[in-house]
Amino acid sequence: MSFPEVRLRRLRQSRAVRDLVRETTLRPSQLVLPLFVREGIDEPVAIGSMPGVAQHSIDSLRAAAVDAAEAGVGGVMLFGVPAVRDARGSGADDPLGILNVATEVLAAEVGDALVVQTDLCLDEFTDHGHCGVLAADGSVDNDATLERYASMAIAQARAGSQLLGLSGMMDGQVAVIRDALDAEGFTQTLILAYAAKYASAFYGPFREAVDSQLVGDRRTYQLDPGNRREGVREAVVDEAEGADIVMVKPAMAFLDVLREVRDTVHIPVWAYQVSGEYAMIEAAAANGWIDRRAAVLESLLSIRRAGADAVLTYWATEAAHWLDA
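1 is the number of the first residue of the sequence shown in the numbering used here; add one for each residue after it.
By construction, these hints were calculated from the structure, which means they are not laboratory data. Treat the hints with caution; some may be incorrect.
Pairwise CB distance ranges (calculated) [as the list claims (entries may be wrong)]: (1) 229 with 46: 39 to 47 Å; (2) 46 with 135: 36 to 44 Å; (3) 147 with 233: 19 to 27 Å; (4) 219 with 86: 18 to 26 Å; (5) 242 with 287: 42 to 50 Å.
Note that the Cβ used here is the ideal one computed from N, Cα and C, for glycine as well.
Turn these sequences into a full structure, and let the hints steer you where they fit.
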């Protein structure tokens, strides 16, 4: 048998060779752990649709963050679940609100070991579940919402958040928040813009995690899943407005967008492996249909290979232990 002497399998002949020539790597420091903290509880409350994930009390939140730091995880992203909600999301910028109190706790506990990050959005704090203030006709008022976001940004920065995750998808949010932070002297506070955040079916379990009050959908501000170019355009605009990092969310169903964003902007690009992605792998593994550990690590590696500099994932601490083993 005659064929050209191009033997690509030489690069796969042993684990040592494969490790040496691997193009994409995965490290604990490239992972960010999302954490939910709920007001008024003394023990963690399991989230049924996300096996292994819980709404935390302040004490269990502290323990989870310490575990993440010891495992070498790069950061934690906090989401607050308040006991009381209203139309304006008043708890979002209240210094005594659950998210800001939890931020202070973690900044003091692990702020030197990893990046303490906070979700900057009103949806967890509003009684209607939308990411902004509603106008009289029931639509989300973009500019009125920006005023709330600016106040929320200052409250989170004062509480010790090192990075603000702007997930609301309002036009102009990066510019308004950057100006507000700088005016108050928070010039070192990082902005992560959820630039290409799609109106996805994969957010379902997250709604349980934050006890969402949403009726309807968010399609007037989150992106249409059919639009690739629009996602890239959002990232370009956010970079121009002063974002330090841009996000693509969800991750696995939008790897094409992630790749193009990475090839277009000049700042770090992150991706969020969302609750539905987590739940699907956990469910398949629980049924014995896939190898759980192998599937988790492969899914994370695929997101990194597509261009993500870091990945938000509910497996962050567990995966970090595997990677260091």
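Structure-based check of each hint:
Here the CB-CB span from residue 229 to residue 46 is close to 41 Å, well matched to the stated 39 to 47 Å. A C-beta distance of roughly 37 Å is found between residue 46 and residue 135, which places it inside the suggested range of 36 to 44 Å. A beta carbon spacing of about 25 Å between residue 147 and residue 233 agrees with the range 19 to 27 Å that was offered as a hint. The beta-carbon spacing between residue 219 and residue 86, approximately 24 Å, falls within the hinted interval of 18 to 26 Å.
The supplied range of 42 to 50 Å is met by residue 242 and residue 287, whose beta-carbon atoms lie about 46 Å from each other.
Of the numbered hints listed earlier, not one is contradicted by the structure.
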